[in-house]
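**Student:** Listed below are the residues making up each chain.
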Amino acid sequence: MGKNAGFFGLGIIFGFALSRVGASEFDLIHGMFTGEDYKLVGVILTAIIVGFIGVRMLQAGKGTTRSGQKIQISHKKLGRWSLLGAALFGIGWGMAGACPGTVLAQLGEGKVLGLLTFGGMIYGTYIYARLKENNPEL
Amino acid sequence: MIKTILNSIFVEPWPFWAGGIVIGLLVPLLYYFYNTALGVSTGYGNLAKIIFRPRNLGWIKSQFPDSWNWRVYFIAGIILGGFLSARFSGRPVLTTEMGQFTTLVGWPALLSALYFFAGGILLGLGARIAGGCTSGHSIHGIANLHLSSILATVFFLIGGWVSANIIRILLMGGGG
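Chains as they are written, first to last, in the numbering used here: chain A, 1 to 138; chain B, 1001 to 1176.
Heads up, some of the hints might be wrong.
[To be verified] Partner residues aside, some chain B positions facing chain A, computed with beta carbon under 8 Å:
hint, residue
1, 1002
2, 1017
3, 1048
4, 1123
5, 1126
I should point out that these hints are in silico values taken from the structure, not numbers from a laboratory.
Ideal Cβ placement from N, Cα and C applies to all residues, glycine included.
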């Protein structure tokens, strides 16, 4: 199976899981911040623990991919403005009740307002590309 | 028996742990198959390139030489996954409903559209400045015990707490 097809398949599983567990519901994200519903906290914490154990198991084994390549864990470094960006992201998260992954599940579910969030994210990424021209540190 | 199992997978909402296990497994699976970190928001750079076709933006040129790479297929898959989930549980194909935003805020369509578009801009811009989103930082990064991702997630949560509670108080009639 080609790489693109593989990602398409894993994407389907991801979107299906996000939708079935309710991560694509405005109320679940809003409720996590207002203290009405902590289900999403449970989802994220479980995912972190499972991800942690899974990566450890890969490393405890051969530490290689299926094709024998050495696994290299990507490490995101923080820049000067990263935490400001994270706060902006958070404000958008609480406003729209969605994040870059869950809004895609919303699109599949036919949530029309999710399409606006999605369009805004593409435009916001474009704004970043424009700002980056004159602010290389961003 | 089989019907009950199928029903709880395809029709009923999943308990938190089921969603967490499936989503968390994507982190080792993506490394095992493709030596790739779980992450969604970078793919919006592909989409921005495909839609806006900028000719002279250095960041787009250097980071996204190939617009239609695996990130676009991953995004397309997530959309299809949401579609299948909604179909199996018999939800309408299109809906203008957005939970408590619809029931408690009740803004006219145009204003609601602007509101979600503005939220999206903050998500897109913020994710790029932060270097990742909920999947890349909060799940992949913390699962690998990266301090940078723990810090980013703390600021994601602070931002979300502030905006959600301001909305709760100003637009949703406060309280619970």
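**Student:** Against the earlier hints, flag every one the structure doesn't satisfy and list their numbers going up.
**Tutor:** 1
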